[in-house]
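Enquirer: Sequence:
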Amino acid sequence: MLFGKKVIALCLSRVNDDVSRDFIEHLSYFLKERDWRLFVYASCSDLFWNSPEEIGEAYVFS
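Per the working numbering, the sequence shown starts with residue 12, numbered consecutively.
Mixed in with the good hints, there may be bad ones.
[To be verified] The calculated label-pair distances, taken between Cβ atoms and stated as ranges, are: (1) Leu13 x Asp33: 23 to 29 angstroms; (2) Asp33 x Pro63: 31 to 37 angstroms; (3) Tyr40 x Ser62: 34 to 40 angstroms; (4) Ser62 x Phe14: 35 to 41 angstroms; (5) Leu38 x Ser62: 25 to 31 angstroms; (6) Asp57 x Glu36: 20 to 26 angstroms; (7) Ile19 x Asp57: 17 to 23 angstroms; (8) Pro63 x Leu38: 30 to 36 angstroms; (9) Glu36 x Pro63: 33 to 39 angstroms.
In case anyone wonders, no lab produced these hints; they're calculated from the structure.
Given the structure is predicted, the values throughout are model-derived calculations rather than measurements.
Even for Gly, the Cβ is constructed at its ideal location relative to N, Cα and C.
Working from the sequences, and respecting the hints, build out all of it.
Expert: Following this line, the structure appears as structure tokens:
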């Protein structure tokens with residue numbers, strides 16, 4: 012909770028992709044109707060290959 016509001020944080024690597032944008036938009040409307048808040052964070056990589064760079068980047072979001 013943040014300032015008495017429930018919060019969902021979403022981390023995506025392709026925020027500007029059409030599919031991601033549609034997902035974020037629909038999720039945002041869904042949560043707004045329920046008085047929740049959505050934080051969207053963009054990552055530079057997909058974070059699932061476990062390369063040293065991605066491991067370092069993933070620590071920012073944990």
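Enquirer: For each hint, tell me whether it holds in the structure or not.
Expert: Consistency of the hints with the structure:
1. Separation of Leu13 from Asp33 is about 26 angstroms and conforms to the stated range, judged on CB atoms against 23 to 29 angstroms.
2. For the pair Asp33 and Pro63, the beta carbons lie near 33 angstroms from each other, so the given range of 31 to 37 angstroms is met.
3. Checked against the given bound of 34 to 40 angstroms, the beta carbons of Tyr40 and Ser62, roughly 35 angstroms apart, stay inside it.
4. For the pair Ser62 and Phe14, the beta carbons lie near 37 angstroms from each other, so the given range of 35 to 41 angstroms is met.
5. At roughly 29 angstroms, the beta carbons of Leu38 and Ser62 sit within the given window of 25 to 31 angstroms.
6. Distance hint for Asp57 and Glu36: a CB-CB separation of about 21 angstroms, consistent with the stated range 20 to 26 angstroms.
7. Distance hint for Ile19 and Asp57: a CB-CB separation of about 20 angstroms, consistent with the stated range 17 to 23 angstroms.
8. The beta-carbon spacing between Pro63 and Leu38, approximately 32 angstroms, falls within the hinted interval of 30 to 36 angstroms.
9. For Glu36 paired with Pro63, a C-beta distance near 34 angstroms keeps the hint of 33 to 39 angstroms intact.
The earlier numbered hints are all upheld by this structure, with none contradicted.
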